[in-house]
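Input sequences plus hints: build the corresponding full structure.
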Amino acid sequence: MAKTANLRWDPIEKKFLYENIVDELKTVVEIPESKGKYFGFRLDEVPEKRTPTSTLKIFRDEDDQEFTEVLGLPGPQQFFSNYHEPPWDRDGLIIIPSSQVGKVFRCTYEGMGSTNSFENQLYVQEIVFETLLKLNGSRPMEGDLNMDLHKLINLGAGILPTDAVNRSQLDTKVSKSGDSMSGPLTIPNPSAAGHAVNLSTLNSRFSGRTFWTTIPGLDIDQEAIVNLPETGTWMVFFIWCVPANGAGAPPVPWFSETAYWTGSTLFGTITRPGGAIGITDVTNTFRIKKSKFPPEVVCAVSATKIG
62 MAKTANLRWD PIEKKFLYEN IVDELKTVVE IPESKGKYFG FRLDEVPEKR TPTSTLKIFR
122 DEDDQEFTEV LGLPGPQQFF SNYHEPPWDR DGLIIIPSSQ VGKVFRCTYE GMGSTNSFEN
182 QLYVQEIVFE TLLKLNGSRP MEGDLNMDLH KLINLGAGIL PTDAVNRSQL DTKVSKSGDS
242 MSGPLTIPNP SAAGHAVNLS TLNSRFSGRT FWTTIPGLDI DQEAIVNLPE TGTWMVFFIW
302 CVPANGAGAP PVPWFSETAY WTGSTLFGTI TRPGGAIGIT DVTNTFRIKK SKFPPEVVCA
362 VSATKIG
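For the sequence shown, this note's numbering assigns the number 62 to the initial residue and increments by one for each residue that follows.
These aren't lab readings, by the way, just hints derived from the structure by calculation.
Here the structure is a predicted model, which means the values were calculated and not measured.
Heads up, some of the hints might be wrong.
In silico DSS-like pairs for lysine-lysine, Cα to Cα no more than 30 Å straight-line [what the hints assert, rightly or not]: (1) K164 x K118; (2) K76 x K87; (3) K87 x K98; (4) K118 x K87; (5) K164 x K98; (6) K164 x K87; (7) K212 x K234; (8) K164 x K96; (9) K76 x K118; (10) K212 x K237; (11) K96 x K118; (12) K76 x K98; (13) K118 x K75.
Here's what the structure looks like:
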């Protein structure tokens, strides 16, 4: 532990007056608390790191060989220091390979005073409580924050998905949604994004397959079977035609009549030419029956699969 009195503190301006310490001589010995594991020495003062590049320089005195600082166990011509640790762990410790026991080293660094001074301890507290905890929120926590039933106050409104929300945001949400829901739920026309109906899911149900077929003209009360190509949900369209007035003219759409699913279950009546009727996912076969005059020449059936 450093023994030099604390001479680096300005009591009026409340700041350290760093001093460039040159050629401080130290002998490599066993680090007492390591119980034979590490060897080195401690500097007289705490080295301060104020620049990205360390100002701490160490030379072997006998041949002026400079040792390079490393952040792990030092090898030949290397040393480790806690210079880069937080101030409360930065006590001037230097670890040198055991092969250098008894060798003398010259040390140059910026000193901030001894580690056992009141001002240094105050500086440690300032670093802990003012810098680390106030570091714009970017220093992550390593455990849970236990509020012990105390409040977090002056909490800003959350914006990102991982942000916390404050009471004001929750109150706004409650006021918009209401404490409870009563009565029917009205869903708007799902013509735009954000409505309750998922349009992408709905659209995926439409396969867009269209099937065309024709059947001969039917007399009154005569039936015909229509078979769709596969089971599923279909929208069926009918166009009944009569002969045109005049040779070579196209047929004229006419009214269709009742249609039944197989099993004689009536599923609707078409009331206009080209109208649509019927959706089913039970069967792919249905019957149609003519029940009015005049007799049709042909019936065109268009069925579009929608599911």
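Here is how each hint holds up against the structure:
{"no.": "1", "hint": "K164 x K118", "result": "holds (16 Å)"}
{"no.": "2", "hint": "K76 x K87", "result": "holds (28 Å)"}
{"no.": "3", "hint": "K87 x K98", "result": "holds (19 Å)"}
{"no.": "4", "hint": "K118 x K87", "result": "holds (13 Å)"}
{"no.": "5", "hint": "K164 x K98", "result": "holds (18 Å)"}
{"no.": "6", "hint": "K164 x K87", "result": "holds (8 Å)"}
{"no.": "7", "hint": "K212 x K234", "result": "holds (21 Å)"}
{"no.": "8", "hint": "K164 x K96", "result": "holds (20 Å)"}
{"no.": "9", "hint": "K76 x K118", "result": "holds (24 Å)"}
{"no.": "10", "hint": "K212 x K237", "result": "holds (25 Å)"}
{"no.": "11", "hint": "K96 x K118", "result": "holds (27 Å)"}
{"no.": "12", "hint": "K76 x K98", "result": "violated (37 Å)"}
{"no.": "13", "hint": "K118 x K75", "result": "holds (28 Å)"}
Going through the hint list in order, the structure does not satisfy hint 12, though it satisfies all others.
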